[in-house]
Amino acid sequence: MAAKHDGYRIHKNRLQRMRRIKTESLAALYEAGEVIRADAAESIKKGAISGSGHVPSKPGEPPNADTHRLDMSIDVQLAPSKKSVNVVSRAPYAAFQEFGTSNMAARPYLRPALQRNKNRVVMGQVNAVNRTIRLYKGEASFTNRSIPDYESGGD
Numbered sequence: 001m002a003a004k005h006d007g008y009r010i011h012k013n014r015l016q017r018m019r020r021i022k023t024e025s026l027a028a029l030y031e032a033g034e035v036i037r038a039d040a041a042e043s044i045k046k047g048a049i050s051g052s053g054h055v056p057s058k059p060g061e062p063p064n065a066d067t068h069r070l071d072m073s074i075d076v077q078l079a080p081s082k083k084s085v086n087v088v089s090r091a092p093y094a095a096f097q098e099f100g101t102s103n104m105a106a107r108p109y110l111r112p113a114l115q116r117n118k119n120r121v122v123m124g125q126v127n128a129v130n131r132t133i134r135l136y137k138g139e140a141s142f143t144n145r146s147i148p149d150y151e152s153g154g155d
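Residue 21 in my numbering is what sits at position 21 of the sequence shown, and the numbering runs on without skipping anything.
No incorrect hints appear here.
Listed below are the simulated SDA-like cross-link pairs for lysine to any residue, each with C-alpha atoms no more than 25 angstroms apart in a straight line:
1) K83 to R131
2) K83 to D39
3) K45 to T101
4) K45 to Q77
5) K118 to A38
6) K82 to L26
7) K46 to E61
8) K118 to E61
These aren't lab readings, by the way, just hints derived from the structure by calculation.
Given the sequences, and given the hints that come with them, work out the whole structure.
See the structure below:
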């Protein structure tokens, strides 16, 4: 029952953070972080069996969830002043799973999620910039400000 309650709290906090985002670019960054977070969490949950039937993942594959502490601990942190987003895992053993130890091979889940979604992240920023430019051009023509036509090469 506690995991269900934790999931509700985590989701509620994500929605509150999304409401505070003010620019297209930051919203696109946060959305990209959420895509990577969801992908990483899904890779951990896929095929996982909790309890006595739990089977650990093979080295090089994402960890198989048992308690769901790892996949539930993945979070998105937006850094507006740096115009960046970090996807992090707060589980105490997260880095051991991602990078391995001297006694355990790595079972990466965050880096592969980033690689799978890299183009989507870039295109999200491109689209956000394009929307901002269109908005600016629309406001400029509405207020009769003169803006050079960069698309056709004109002045």
